[in-house]
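Quick mapping for you: the protein sequence lines, in order, are chains F and W.
Here the numbering used here is used: position 22 in the first sequence is 22, and no number is missing along the way.
Here the numbering used here is used: position 333 in the second sequence is 333, and no number is missing along the way.
Keep in mind that the hints are not guaranteed to be accurate.
[Unchecked claim] Below, in silico cross-link-like pairs of lysine-lysine (DSSO-like), each with a Cα-Cα straight-line distance of 30 Å or less:
(1) F:LYS50 <-> W:LYS139
(2) W:LYS6 <-> F:LYS42
(3) F:LYS124 <-> W:LYS6
[As the list claims (entries may be wrong)] Footprint (simulated), chain F over chain W, 3 or more residues, beta carbon under 8 Å:
(4) 126 to 133
(5) 199 to 207
(6) 218 to 230
(7) 233 to 240
(8) 350 to 359
(9) 391 to 397
These are calculated hints, taken from the structure and not from any lab test.
It should be emphasised that the depicted structure is a prediction, and the values quoted were computed from it without experimental measurement.
We put the CB at the ideal spot given by N, CA and C, even for glycine.
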Amino acid sequence: MVRIIVQRVLLMGLILIGVITVTFFLSRVLPGSPVEMMLGAKPTAEQIAKAEEELGLNKPLVQQYGIFLKKAAQGNFGDSLITGRPVTEDVYLRATATLELVTLALMLALMVGLPLGVKAAVKKETLLDHSVRMGSVAAVAIPVFFLGLLLQIFFAGVLNLLPLQGRIDSGVLLDSPFQRVTGFYLIDTLVAGEFGAFASTVRHLLLPVITLSLASTASIVRITRSTMIEAMQQDYIQTVRAYGIEQTDIHYRYALKATLIPLLTVVGLTYGFMLGGSIIVEYVFDWPGVGGYMVQALLNNDFPAVIGVTFFVAFAYLSINLIVDLLYHVLDPRLRKS
Amino acid sequence: MGRLLKAFWIAGFLAIVIVCLSVALAPDRVRDPNTVIYATYGDIKDWDPAVAFSLEVMVLANIYEPLVYYDHTRKDDPLEPALAESWSVSEDGLTWTFKLREGVYFHDGEPLTAEAARLSLTRTIELAKGGFYIWDAVKEIRAIDNLRLEIETKYPAPIDLIASSQYAAYIYSPAAANAGTDWFDEGNAAGTGPYYLRQWDRNQQVVLERNEEHWAGWSDDSIDRVIYKIVRESATQVQLLLAGETDFISLISVDLVSAFEENPDITVEYIPSWKNSQFLINTQQWPTSDVNFRRALTYAWDYQSVTENIYAGSAETARGIIPASLWGHDAALETPGFDLEKAQQLLDASGVPQEDRKISIAYISSSEAYQNAAELFQRNLSKIGVEVELRPGPWGTIWDAAKNPNSAPNAISMTWWPTYATPSDWLTGLFQTEEPANFNLSYYANPAYDELVQAGLRLEAMDRAAAIEKYQAAQRMLIKDAVAVFYADLKERIVHSAGLSGVNPNPAYNAIFFREVRRKDG
Numbered sequence: 001m002v003r004i005i006v007q008r009v010l011l012m013g014l015i016l017i018g019v020i021t022v023t024f025f026l027s028r029v030l031p032g033s034p035v036e037m038m039l040g041a042k043p044t045a046e047q048i049a050k051a052e053e054e055l056g057l058n059k060p061l062v063q064q065y066g067i068f069l070k071k072a073a074q075g076n077f078g079d080s081l082i083t084g085r086p087v088t089e090d091v092y093l094r095a096t097a098t099l100e101l102v103t104l105a106l107m108l109a110l111m112v113g114l115p116l117g118v119k120a121a122v123k124k125e126t127l128l129d130h131s132v133r134m135g136s137v138a139a140v141a142i143p144v145f146f147l148g149l150l151l152q153i154f155f156a157g158v159l160n161l162l163p164l165q166g167r168i169d170s171g172v173l174l175d176s177p178f179q180r181v182t183g184f185y186l187i188d189t190l191v192a193g194e195f196g197a198f199a200s201t202v203r204h205l206l207l208p209v210i211t212l213s214l215a216s217t218a219s220i221v222r223i224t225r226s227t228m229i230e231a232m233q234q235d236y237i238q239t240v241r242a243y244g245i246e247q248t249d250i251h252y253r254y255a256l257k258a259t260l261i262p263l264l265t266v267v268g269l270t271y272g273f274m275l276g277g278s279i280i281v282e283y284v285f286d287w288p289g290v291g292g293y294m295v296q297a298l299l300n301n302d303f304p305a306v307i308g309v310t311f312f313v314a315f316a317y318l319s320i321n322l323i324v325d326l327l328y329h330v331l332d333p334r335l336r337k338s
Numbered sequence: 001m002g003r004l005l006k007a008f009w010i011a012g013f014l015a016i017v018i019v020c021l022s023v024a025l026a027p028d029r030v031r032d033p034n035t036v037i038y039a040t041y042g043d044i045k046d047w048d049p050a051v052a053f054s055l056e057v058m059v060l061a062n063i064y065e066p067l068v069y070y071d072h073t074r075k076d077d078p079l080e081p082a083l084a085e086s087w088s089v090s091e092d093g094l095t096w097t098f099k100l101r102e103g104v105y106f107h108d109g110e111p112l113t114a115e116a117a118r119l120s121l122t123r124t125i126e127l128a129k130g131g132f133y134i135w136d137a138v139k140e141i142r143a144i145d146n147l148r149l150e151i152e153t154k155y156p157a158p159i160d161l162i163a164s165s166q167y168a169a170y171i172y173s174p175a176a177a178n179a180g181t182d183w184f185d186e187g188n189a190a191g192t193g194p195y196y197l198r199q200w201d202r203n204q205q206v207v208l209e210r211n212e213e214h215w216a217g218w219s220d221d222s223i224d225r226v227i228y229k230i231v232r233e234s235a236t237q238v239q240l241l242l243a244g245e246t247d248f249i250s251l252i253s254v255d256l257v258s259a260f261e262e263n264p265d266i267t268v269e270y271i272p273s274w275k276n277s278q279f280l281i282n283t284q285q286w287p288t289s290d291v292n293f294r295r296a297l298t299y300a301w302d303y304q305s306v307t308e309n310i311y312a313g314s315a316e317t318a319r320g321i322i323p324a325s326l327w328g329h330d331a332a333l334e335t336p337g338f339d340l341e342k343a344q345q346l347l348d349a350s351g352v353p354q355e356d357r358k359i360s361i362a363y364i365s366s367s368e369a370y371q372n373a374a375e376l377f378q379r380n381l382s383k384i385g386v387e388v389e390l391r392p393g394p395w396g397t398i399w400d401a402a403k404n405p406n407s408a409p410n411a412i413s414m415t416w417w418p419t420y421a422t423p424s425d426w427l428t429g430l431f432q433t434e435e436p437a438n439f440n441l442s443y444y445a446n447p448a449y450d451e452l453v454q455a456g457l458r459l460e461a462m463d464r465a466a467a468i469e470k471y472q473a474a475q476r477m478l479i480k481d482a483v484a485v486f487y488a489d490l491k492e493r494i495v496h497s498a499g500l501s502g503v504n505p506n507p508a509y510n511a512i513f514f515r516e517v518r519r520k521d522g
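Let's have the full structure, built from the sequences with the hints guiding it.
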């Protein structure tokens, strides 16, 4: 087990170096210099030359790469040219916002998707099953931005029940400031004892979380349903049934176990995908997460930020993959033996 | 029952309870009438007034004040006192004396003195960031006594106009100056302005609160608090405005303007700005190196259609490079009009053979107006046998390509505005001989022109009428040499809730001065 972990971590390191190397050279090769955005609207030629020198952009590419790698090894990706702050700080601040959104969306997807999938499998070919399947096809088919807008129009516009955008109310943020310890507002507001701010955070989370979770709920339903149906036909289920064990126990205790492996794969992939792929939801709801940062960095040739954000997404993706692989070993005794 | 299932139910139930409580506990959405909300599309980058050279002036203009304000409504005498009560210039035009207002305090409690102003301006100049170069003429800044500031220049320069700039001319507290850029960039400010910075929550909002001690005083119905809320998506901004959750929006799609204009709850205002748009024509690159060919291009531009249809009310046809709203504009300047026949004649008179009549045009791809204008131009040129290759791209990319003579296009879009209130900004910034090219993307190099502009610059301080004459002559040269298609004086379009009055935009500052804004009753 330890050997596997060490192997995988080393491999991960190699992949990450590869990713930032490719990003580094791609960002340098593409046309357009980054300093123009950094200096404001009308910089003088001297200011541009000075900034290029400060950033080391006038050095040979290989030398630039060496300097970059050395700094990156110390966890320093340089300063963003747009915000003027260390990229690591920027990404951390925004990553927590994205993580909060994505984690909750995935939890919601699991909480809704799992029972629905089980129910649909148990009541195979009934009205319930058909509607669940229809529903999940529809849920996957709706474009995320459209769903987001619909929810905004209905819950914020027509009902005036939920906020349209942002992470927290302006007034709440002003009147009850709280310490950002984890960057997860739900946790930070609770720790600070600011229940008004907590409630405001919940209200702001609802629509983006629902929007983001819908498509993954659907895939969880479908995976759960199909593997459950397969499992229900296995001999061991027949045995359990012959023992006269209660139906719910058969479903949730014995049959559901068989779905965990494929489910884990889906959840792992979805989580990784959502971290980089929540851009649209973040955009529609003005969620100050990594997605918006990435778009801004790309549009403005903000090299350090592009590399930093790519690194973050790659790192998150790989870590989740690693965890999923390790969980396979925990969940499936067959893998442990081999 | 499975334990898993039980845990599921409990967690689900808890979540539902929390959600219901949170929604039920939502405070009533009654807006404080003395708070104004402005939906902005970008966060603040540089809080240091010595560095800020972009969007941030919108906030800084309410926190800081310059020595002098520029008021475009005062036609002949546009400068009015700000932190300086009065000012004068020596007879040789080299020494300016500003008498500062007494009893003014910075937000951190420090008093405004001549020494504080000196420190602030000297730091801005020495830092050499942002728009510091407007102070190029300055030789020395001295505090002669507690309230008198003296600025000595190397050559005569309009220091009064320069001091009214929205870039690099704000006066800040000496304590802030000593604390430096890093201190500012943590979200700190210390100016003398009507509002102080109460909160900056990165990526979310900036909150300004009324500075009770402000020297100009307050009335009961003044705005107490201004919230700049960061809303990056234009549709969301619109929804917030319609729901009354913001008073101003900053991203305005042209398609929505007519709907806004019919909505009684929303006011759309157009005010002249000092921004104008042109396509700079490369005077070195074949075939636009031929002057008759360039002239032909300026006659193939459909000026009226572009301003009326493409800019739809947000621009007027330009007459030369100096916008109509700024001093020095020449209303009598003879400029080319849309005339394809004349363009054809000029083409034929040029030395450019038929097979070489191909040009490339670069413009900022995110701008719908540039795109439509360039496409219209392309169609009109095709009628007279000139083939156009369009090269849209992000500004950083097209600018870089244009600065390199080998990759430069034949024409490039350019929107320009002055760093301080002077017509010379366009004349020097865009067309003065430059090696290598920075903004002179026409690659125009004409010693006679350079001389005229420099002579005008020297006259600006003491004899503005004489300066204007030089500038007019220089402009005629630009038209004769057809260095650009000068086509639009832009107007600022401001969309705000109809319940507000006193929104008096000023082309010299890209900001709303909230001290003057009032909420109408009811």
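Original post:
Which of the numbered hints are not met once you compare them with the structure shown?
Top reply: Hints 2 and 8 not satisfied by this model.
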